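Numbering of the sequence shown is given in my numbering, commencing with residue 17 and proceeding in unit increments.
Hints are computed from structural coordinates only; laboratory data are not their basis.
Computed from a prediction, not measured in an experiment: that's the story for all the values here.
Keep in mind that a hint or two might mislead.
As a list, the in silico DSS-like pairs of lysine-lysine whose alpha-carbon atoms are at most 25 Å apart [said to hold, decoys possible]:
hint	residue 1	residue 2
1	Lys85	Lys61
2	Lys61	Lys34
3	Lys85	Lys59
Per label pair, the in silico range of CB-to-CB distance [what the hints assert, rightly or not]:
hint	residue 1	residue 2	range
4	Leu40	Ser102	29 to 37 Å
5	Ser100	Phe22	24 to 32 Å
6	Thr26	Ser102	17 to 25 Å
7	Glu49	Thr26	17 to 25 Å
8	Phe22	Leu74	34 to 42 Å
9	Ser23	Arg60	39 to 47 Å
10	Cys109	Leu72	39 to 47 Å
11	Lys85	Arg60	14 to 22 Å
12	Phe22	Leu72	30 to 38 Å
13	Leu51	Pro21	29 to 37 Å
14	Thr24	Lys85	36 to 44 Å
15	Thr26	Trp104	15 to 23 Å
Note that the Cβ used here is the ideal one computed from N, Cα and C, for glycine as well.
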Amino acid sequence: MMNVPFSTPTTATLLAAKFQNQPLISLVDVAGEYLGLTPSTAKRKARVNDLPFPVLRLSDSQKAPWLVKFEHFVEYVERTAANSHSDWLRMQC
Numbered sequence: 017m018m019n020v021p022f023s024t025p026t027t028a029t030l031l032a033a034k035f036q037n038q039p040l041i042s043l044v045d046v047a048g049e050y051l052g053l054t055p056s057t058a059k060r061k062a063r064v065n066d067l068p069f070p071v072l073r074l075s076d077s078q079k080a081p082w083l084v085k086f087e088h089f090v091e092y093v094e095r096t097a098a099n100s101h102s103d104w105l106r107m108q109c
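All chains, full assembly: derive it from the sequences and hints.
Written out as structure tokens, the structure is:
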């Protein structure tokens, strides 16, 4: 039997699996579950750049969906978790 090294899953690998390794994720797909926003609120915030990560459209059409680059979303999740951990550590003293 071969020993396969075990590696702890990272935020990026877990999110990649969740979003099926897509380089761009629909804003609607992350808005409710991760930001607690309705799709309409997320779209409104996207129009005025009021989201915690950059979003884009691949065309100038108003009907084009808002998308989040996978790397930007992972960075946001990691940054938020790190800030939360720092706050928690400060409160432990």
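Now the hints, each set against the structure:
1. Lys85 / Lys61: 16 Å, holds
2. Lys61 / Lys34: 24 Å, holds
3. Lys85 / Lys59: 15 Å, holds
4. Leu40 / Ser102: 29 to 37 Å: 30 Å, holds
5. Ser100 / Phe22: 24 to 32 Å: 26 Å, holds
6. Thr26 / Ser102: 17 to 25 Å: Since the Cβ atoms of Thr26 and Ser102 sit about 19 Å apart, the hinted range of 17 to 25 Å holds.
7. Glu49 / Thr26: 17 to 25 Å: 19 Å, holds
8. Phe22 / Leu74: 34 to 42 Å: At roughly 38 Å between Cβ atoms, Leu74 and Phe22 fall inside 34 to 42 Å, so the hint holds.
9. Ser23 / Arg60: 39 to 47 Å: 40 Å, holds
10. Cys109 / Leu72: 39 to 47 Å: 42 Å, holds
11. Lys85 / Arg60: 14 to 22 Å: 20 Å, holds
12. Phe22 / Leu72: 30 to 38 Å: Roughly 37 Å apart at Cβ, these two residues keep to the hinted range, so it holds.
13. Leu51 / Pro21: 29 to 37 Å: 35 Å Cβ-Cβ, so the 29 to 37 Å window holds.
14. Thr24 / Lys85: 36 to 44 Å: 24 Å, violated
15. Thr26 / Trp104: 15 to 23 Å: 20 Å, holds
When each numbered hint is compared with the structure, a violation occurs for hint 14 only.
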